[in-house]
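Undergrad: Heads up, the sequence shown is in the numbering used here, so the first residue is 1 and it goes up one at a time.
It should be emphasised that the hints constitute simulated quantities derived from the structure, not laboratory data.
Only true hints are included.
The following label-pair restraints were derived from C-beta to C-beta distances: (1) 62 x 145: 47 to 55 Å; (2) 44 x 20: 43 to 51 Å; (3) 107 x 79: 20 to 28 Å; (4) 44 x 8: 46 to 54 Å.
Below 27 Å or equal to it, Euclidean Cα-Cα: the simulated DSSO-like pairs (lysine-lysine) are: (5) 76 x 28; (6) 62 x 28; (7) 19 x 76.
Beta carbons are placed, not taken as given, at the ideal position from N, Cα and C, and that holds for glycine.
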Amino acid sequence: MSVGFGVERINREDLPEGKVLCEYCTAKCCRYFALPIETPEDFSDFEYIRWYLLHERATIFKEDDDWYLLVHTVCKHLQSNNMCGIYHTRPQICRDYTTDNCEYEEDWTYEFYLETAEQVHEFTEAIIQKKGQSIRSPKPELLPVV
Numbered sequence: 001m002s003v004g005f006g007v008e009r010i011n012r013e014d015l016p017e018g019k020v021l022c023e024y025c026t027a028k029c030c031r032y033f034a035l036p037i038e039t040p041e042d043f044s045d046f047e048y049i050r051w052y053l054l055h056e057r058a059t060i061f062k063e064d065d066d067w068y069l070l071v072h073t074v075c076k077h078l079q080s081n082n083m084c085g086i087y088h089t090r091p092q093i094c095r096d097y098t099t100d101n102c103e104y105e106e107d108w109t110y111e112f113y114l115e116t117a118e119q120v121h122e123f124t125e126a127i128i129q130k131k132g133q134s135i136r137s138p139k140p141e142l143l144p145v146v
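Modelling step: build the complete structure from the supplied sequences, incorporating the hints.
TA: Take a look at the structure:
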């Protein structure tokens with residue numbers, strides 16, 4: 001797989017001495033941010049999640065038992081070669097992030113992932129029911145005996 005400027009993606013363990021893994025990456029870490037959110041417990045919590053997903057490029061995922069709002073947006077300082085345009089003055093969160101545990105090899109798969117408000121509505125209906133109601137279709141009336 002080619003990565004900007006004709007550079008081929010390599011395995012992490014094959015990184016040449018003196019090179020930086022970022023030189024072979026598509027800069028996943030600069031193309032989104034994820035914020036932890038409270039675990040939804042009731043209808044109103046899921047309405048907030050539904051509202052989040054009415055906005056473009058927002059999704060929700062779960063990792064273990066933690067819920068996250070994922071916003072797919074590119075850092076305005078990411079250059080066309082996938083390198084940082086403000087590397088020496090980058091924010092502290094970027095300075096603290098290392099390639100030791102970065103997402104270089106990951107394929108963006110999640111066990112639980114919501115992309116649309118409709119998915120939230122269906123999920124909410126499936127797990128939160130009003131007392132005495134069922135998500136199943138109502139039992140049809142018996143046909144008259146003729």
